[in-house]
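Undergrad: Protein chains in written order, with the working numbering: chain A, 4 to 431; chain B, 187 to 487; chain C, 33 to 342.
None of these hints come from the bench; they were simulated from the model.
Glycine included, C-beta positions come from ideal geometry on N, C-alpha and C.
Heads up, some of the hints might be wrong.
[As the list claims (entries may be wrong)] As a list, the in silico DMTMM-like pairs of lysine to aspartate or glutamate whose alpha-carbon atoms are at most 20 angstroms apart:
| # | chain 1 | residue 1 | chain 2 | residue 2 |
| --- | --- | --- | --- | --- |
| 1 | C | Lys338 | B | Asp316 |
| 2 | A | Lys248 | C | Glu308 |
| 3 | A | Lys248 | C | Asp281 |
| 4 | A | Lys69 | B | Asp429 |
| 5 | A | Lys98 | C | Glu308 |
| 6 | A | Lys343 | A | Glu331 |
| 7 | A | Lys248 | B | Glu372 |
| 8 | A | Lys131 | A | Glu157 |
| 9 | A | Lys152 | A | Asp177 |
| 10 | C | Lys338 | B | Glu372 |
| 11 | A | Lys257 | B | Asp316 |
| 12 | A | Lys376 | A | Asp391 |
| 13 | C | Lys338 | B | Asp248 |
| 14 | A | Lys257 | B | Glu262 |
| 15 | A | Lys257 | A | Glu278 |
| 16 | A | Lys330 | A | Asp35 |
| 17 | A | Lys152 | A | Asp133 |
| 18 | B | Lys275 | A | Asp74 |
| 19 | B | Lys275 | A | Glu72 |
| 20 | C | Lys340 | B | Glu372 |
| 21 | C | Lys340 | B | Glu376 |
[Claimed, not checked] Computed spacing ranges between beta-carbons, pair by pair:
| # | chain 1 | residue 1 | chain 2 | residue 2 | range |
| --- | --- | --- | --- | --- | --- |
| 22 | A | Thr76 | B | Arg216 | 29 to 35 angstroms |
| 23 | B | Asp277 | A | Asp164 | 48 to 54 angstroms |
| 24 | B | Phe264 | C | Ala153 | 27 to 33 angstroms |
| 25 | C | Leu68 | A | Thr76 | 36 to 42 angstroms |
| 26 | C | Val108 | A | Ser298 | 27 to 33 angstroms |
Residue strings, one per chain:
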Amino acid sequence: MKRTSTAVVGIAVAALALTGCSGGGGTASGGDENTLTVSGWSLSTTPEFQLLADGFEAQHDGVTVKLVEYDPTDYNTLLTADLAAGKGPDVITQKEVKYLPTFQQGGQLLDVSDVTLPEGIGGADSYKVDGTAYATPYRQDSWVLYYNKALFDEAGVDYPDGSWTWDDYADAADALKSGFEDAGVKATPIYQHSWQSTVQGFAAAQTGSDLLAGDYGYLKDYYQRVLDLQENGDQVPYNTVMANKLTYQGEFGKQSAAMMPMGTWFTATLVSQQESGEADDFEWGIAPVPQLDDSTTGTDATPVTFGDPTGFGVNANVSDEKAQLAKEFLEYAASEDAAKALAGIGITPALLNDAVTEAYFNVEGTPQDDLSKFALSTHETLPENPADENTAAIQNILNDLHTAVLSGSQDIDSAIADAEGRVANEVG
Amino acid sequence: MSETKMLITPPSPRKRAAGGQATGAGTPQRKIGRALLYVLLIAAAAALLLPFFWMVMSSLKDANSVFSVPIHWIPEIFVWDNYVEIWQKSDILVWIRNTVVVSVGVTFLQVTTGSFAAYGFSRIRFRGRDALFLLYVATIAVPWQSYMIPQFIMLSNAGLANTLWSILLLQAFGAFGVFLMKQYYETIPEELSEAARLDGLSEYGIWARIMVPLSIPAIASLALLTFVNTWNDFLGPLIYLRDPSLWTMQLGLNNFVSSLYNVDYGVLFAGLVISVVPIAIIFLLGQRYFVEGIATSGMKG
Amino acid sequence: MSITAEQTTDAKAKVPKRHVSRLRLRYTLIGWSFILPNFVGFVLLTLIPVVTVFYMSLTNWNIFGSSQFIGLDNFVRLAGDSSFHSAFGNTLYFAVLHIPLTIAVSLGLALLLNSKLRGVAFFRTAAFFPYITSIVAIALVWNLLLSPQYGPVNQVLGFLGLQNPPGWLTSSDWAMPAVVVVETWRRMGYYMVLFLAGLQTVPRELHEAARTDGANALQRFRHVTLPALRPTMFFVTVMLTIESLKILDLIIVLTDGGPGQATTVIAQFIWTKGFEENQFGYSSAASVVLFLLCLIVTIIQFLWNKRKAV
Numbered sequence: 004m005k006r007t008s009t010a011v012v013g014i015a016v017a018a019l020a021l022t023g024c025s026g027g028g029g030t031a032s033g034g035d036e037n038t039l040t041v042s043g044w045s046l047s048t049t050p051e052f053q054l055l056a057d058g059f060e061a062q063h064d065g066v067t068v069k070l071v072e073y074d075p076t077d078y079n080t081l082l083t084a085d086l087a088a089g090k091g092p093d094v095i096t097q098k099e100v101k102y103l104p105t106f107q108q109g110g111q112l113l114d115v116s117d118v119t120l121p122e123g124i125g126g127a128d129s130y131k132v133d134g135t136a137y138a139t140p141y142r143q144d145s146w147v148l149y150y151n152k153a154l155f156d157e158a159g160v161d162y163p164d165g166s167w168t169w170d171d172y173a174d175a176a177d178a179l180k181s182g183f184e185d186a187g188v189k190a191t192p193i194y195q196h197s198w199q200s201t202v203q204g205f206a207a208a209q210t211g212s213d214l215l216a217g218d219y220g221y222l223k224d225y226y227q228r229v230l231d232l233q234e235n236g237d238q239v240p241y242n243t244v245m246a247n248k249l250t251y252q253g254e255f256g257k258q259s260a261a262m263m264p265m266g267t268w269f270t271a272t273l274v275s276q277q278e279s280g281e282a283d284d285f286e287w288g289i290a291p292v293p294q295l296d297d298s299t300t301g302t303d304a305t306p307v308t309f310g311d312p313t314g315f316g317v318n319a320n321v322s323d324e325k326a327q328l329a330k331e332f333l334e335y336a337a338s339e340d341a342a343k344a345l346a347g348i349g350i351t352p353a354l355l356n357d358a359v360t361e362a363y364f365n366v367e368g369t370p371q372d373d374l375s376k377f378a379l380s381t382h383e384t385l386p387e388n389p390a391d392e393n394t395a396a397i398q399n400i401l402n403d404l405h406t407a408v409l410s411g412s413q414d415i416d417s418a419i420a421d422a423e424g425r426v427a428n429e430v431g
Numbered sequence: 187m188s189e190t191k192m193l194i195t196p197p198s199p200r201k202r203a204a205g206g207q208a209t210g211a212g213t214p215q216r217k218i219g220r221a222l223l224y225v226l227l228i229a230a231a232a233a234l235l236l237p238f239f240w241m242v243m244s245s246l247k248d249a250n251s252v253f254s255v256p257i258h259w260i261p262e263i264f265v266w267d268n269y270v271e272i273w274q275k276s277d278i279l280v281w282i283r284n285t286v287v288v289s290v291g292v293t294f295l296q297v298t299t300g301s302f303a304a305y306g307f308s309r310i311r312f313r314g315r316d317a318l319f320l321l322y323v324a325t326i327a328v329p330w331q332s333y334m335i336p337q338f339i340m341l342s343n344a345g346l347a348n349t350l351w352s353i354l355l356l357q358a359f360g361a362f363g364v365f366l367m368k369q370y371y372e373t374i375p376e377e378l379s380e381a382a383r384l385d386g387l388s389e390y391g392i393w394a395r396i397m398v399p400l401s402i403p404a405i406a407s408l409a410l411l412t413f414v415n416t417w418n419d420f421l422g423p424l425i426y427l428r429d430p431s432l433w434t435m436q437l438g439l440n441n442f443v444s445s446l447y448n449v450d451y452g453v454l455f456a457g458l459v460i461s462v463v464p465i466a467i468i469f470l471l472g473q474r475y476f477v478e479g480i481a482t483s484g485m486k487g
Numbered sequence: 033m034s035i036t037a038e039q040t041t042d043a044k045a046k047v048p049k050r051h052v053s054r055l056r057l058r059y060t061l062i063g064w065s066f067i068l069p070n071f072v073g074f075v076l077l078t079l080i081p082v083v084t085v086f087y088m089s090l091t092n093w094n095i096f097g098s099s100q101f102i103g104l105d106n107f108v109r110l111a112g113d114s115s116f117h118s119a120f121g122n123t124l125y126f127a128v129l130h131i132p133l134t135i136a137v138s139l140g141l142a143l144l145l146n147s148k149l150r151g152v153a154f155f156r157t158a159a160f161f162p163y164i165t166s167i168v169a170i171a172l173v174w175n176l177l178l179s180p181q182y183g184p185v186n187q188v189l190g191f192l193g194l195q196n197p198p199g200w201l202t203s204s205d206w207a208m209p210a211v212v213v214v215e216t217w218r219r220m221g222y223y224m225v226l227f228l229a230g231l232q233t234v235p236r237e238l239h240e241a242a243r244t245d246g247a248n249a250l251q252r253f254r255h256v257t258l259p260a261l262r263p264t265m266f267f268v269t270v271m272l273t274i275e276s277l278k279i280l281d282l283i284i285v286l287t288d289g290g291p292g293q294a295t296t297v298i299a300q301f302i303w304t305k306g307f308e309e310n311q312f313g314y315s316s317a318a319s320v321v322l323f324l325l326c327l328i329v330t331i332i333q334f335l336w337n338k339r340k341a342v
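Construct all of the structure, not just a fragment, from the sequences and the given hints.
TA: Here it is, written out as structure tokens:
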């Protein structure tokens, strides 16, 4: 007995020594000063990384950018493991804003406040912790309303004109439904994906509520509306979306739904799927998302929506020279040159001036109407995830609220009360 | 010695027992009972195979008809292209090779070191043995995801991350095999070992000549379960294997499917069917060892 | 291999006086020589990382770099964390339903298929199929089968005249029982394999002796099969208990803990706190609680088994 317990103590000491010395630094690329490693995911269907790498190499003689591919769904887990083992990339791509505070607190990210960003770039504030920037954005998706012009025509309903509030949206859905019935079209007016952001993102942004404040009464009207739409058969019920594993690409691309609130990343996917034949060939457009009230509707106002940027941070363990090179990469990725190149493959860059917007709509297969251009370029985009250490925990609690309410297993009032109680009890 | 003899002689033919019953119960009744049993078994088998059947059928559908409302069990048009696509566009042969290497290696190490250690735990008395054994079993209770990162850091520092060795080492020395074999050894009568000791066999000889042959059913089930677990493991390879030339079947399939614009379940299921077939064959060929071990092994002399 | 044994035998012969302690040393050496090949791997790859988890549960480690020792703060926080409470309750609920059900079903299958029926190989393989079918496919199929509106299960129930069939995975009351059924269905082939191996140790002669004494099938099962199956039963119960308390993969793919928190279990709490919220110290504390829970249950089973063995 005694021997075993001494052995255990010995092992514990050895273990601590082993893990203790591991935190200290190093990156995957090691000492080669002219090679920059950049993390990415799904490289074959996410061409933006190669595009930025090529562009940067063209500007910097003798520099090689090496892309490190990670699994898209487990990106954060794998990156965390590599960073913990001192094998992280030089440039750490920030796939989701909510994980930035963890990397920052863990001392994995360099202060990149001295990287100069072009005037008017969106999303930069999302990466600031106490006024210091730990990453810079290169793309900034925001949520818009995709609609199928062909289905609207068949139902004899007017296209969205930018003046919609959520009530107008619900009315249009009703009109589409009866139009489809009359015309014998098998389609649902709305497809809303299962994510919590499809309700909560709009609610927080448009009511000007703070996710971190711990008060979630603002969600009520937004959930009530969705529940009513489900009830009326205006949109595919949440339970069916889950049980049948519906994909938003399939639902919209195969014309099962006429309208779909979605992030602007969908444009590139839809264009390429229509080209390859994976999606049907039909006319579509982009409109601003419906608004809370009249004050932000119409093309002379600025609609309010939400979205998070995607950006790059610099690994804190790199050498000074390497850090300099990495910061130049960040600067390039945020520049107008890069923005135009990104727009040229259907990506929504963080910098959206007229030249960039023009490049975006020059892509073959994108809609050409004025409202689509307005919807892409004009909006006040509030962050979905504020850069705060509690964001991830709160979002998890609100996701439980989302599944409980939309599945119909809990009513909205008690779900909100539960969530508020849990945030007060478990967070902070 | 009577117990020993009983264990190592082949079981008496069932006919005798069945015949004995038949005289009492009457043949027609027994026939009906047997027919009912088959009906029951066939119904159960259908329920058990239903999802696999659905998977096979879905692997022959195009992406958009996999999830239809209501469920279509049989595809309207059989799409064999899914198999062609995965065979031609992916490195499935590389994945299969890696998976076979890892699964065979892990199974071999788990069975040999596990049954060897189990003999020490079940047949040799020494100080601290029970405490040590409890320690083994207790670690099973710690979920892998909680020590995954410390383990990754260690193997990474040892230069083993991103090699097939990492997966081999990770799975090979679990407490599961030791525990399973120890429990089985305890059912083998001590008298057998005593007799062998008197005949001058060393402990190692007893393990090799008596315990191993007598525990074929346990070894077969341990080998099979270890093989299947390693074959189907996803999280381990996901964390450790980054280089596409090292990917296993599950990891490769996942990557192949997620590199499409959206998950093509038809192609995914084609890959999954391919990955299930080898295990099914191994099971079908090997299942008799679960029940025939003792009857066929026996002891020489 | 046999060199060690012979050497110690020689040593024993030379010093007959210290026979007992020499013998003990000899057995200790032989014992360790058996255990060592596995033990080295076990210590390096499992034990050291596991011990690290125990230390980390006393710190505020966030996975990167250094961590501060904060004593039992994490455990105090767990005691007051309502999410942990519901995860704990859900885990016990799952285990209490799942363990007896799985033992009954898999033992029943093993008894049925431990015979020379025609086609028994096919049925054994069929029983094992759910375990080798990909978990992704299992989740997809069961989601479809249990779909509240269009699922075949509810259609059959409606056909049988049930007015309001449950919403299964979409209902907070029925989600856990549904998960239990799917997990039992998935794992019964696995435990059947273990029981089949165990049944080979049941002496057939004893069976026949009992039969001649006029014992019916149930009596033979209770007095012949069960006692002989005790070591296997112990193994299965311990493994099944631990695996039930650690359940994660099926829940992730089937319900992801929902709806709401209805099927959130401890292992998922550990994953979320660790990998989504990067509180590895806190997550480690939850692992330690799970470990202690498993340990207590295992020790009870251990003692019970010992008592029965006497």
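Undergrad: Each of the hints needs a verdict: does it hold here or not?
TA: Verification of the supplied hints:
| no. | hint | in the structure |
| --- | --- | --- |
| 1 | Lys338/C - Asp316/B | holds (12 angstroms) |
| 2 | Lys248/A - Glu308/C | violated (23 angstroms) |
| 3 | Lys248/A - Asp281/C | holds (18 angstroms) |
| 4 | Lys69/A - Asp429/B | holds (14 angstroms) |
| 5 | Lys98/A - Glu308/C | holds (13 angstroms) |
| 6 | Lys343/A - Glu331/A | holds (18 angstroms) |
| 7 | Lys248/A - Glu372/B | violated (48 angstroms) |
| 8 | Lys131/A - Glu157/A | violated (48 angstroms) |
| 9 | Lys152/A - Asp177/A | holds (16 angstroms) |
| 10 | Lys338/C - Glu372/B | holds (13 angstroms) |
| 11 | Lys257/A - Asp316/B | violated (63 angstroms) |
| 12 | Lys376/A - Asp391/A | violated (33 angstroms) |
| 13 | Lys338/C - Asp248/B | violated (57 angstroms) |
| 14 | Lys257/A - Glu262/B | holds (18 angstroms) |
| 15 | Lys257/A - Glu278/A | holds (13 angstroms) |
| 16 | Lys330/A - Asp35/A | holds (17 angstroms) |
| 17 | Lys152/A - Asp133/A | violated (45 angstroms) |
| 18 | Lys275/B - Asp74/A | holds (19 angstroms) |
| 19 | Lys275/B - Glu72/A | holds (19 angstroms) |
| 20 | Lys340/C - Glu372/B | holds (14 angstroms) |
| 21 | Lys340/C - Glu376/B | holds (19 angstroms) |
| 22 | Thr76/A - Arg216/B: 29 to 35 angstroms | violated (56 angstroms) |
| 23 | Asp277/B - Asp164/A: 48 to 54 angstroms | holds (51 angstroms) |
| 24 | Phe264/B - Ala153/C: 27 to 33 angstroms | holds (29 angstroms) |
| 25 | Leu68/C - Thr76/A: 36 to 42 angstroms | holds (41 angstroms) |
| 26 | Val108/C - Ser298/A: 27 to 33 angstroms | violated (48 angstroms) |
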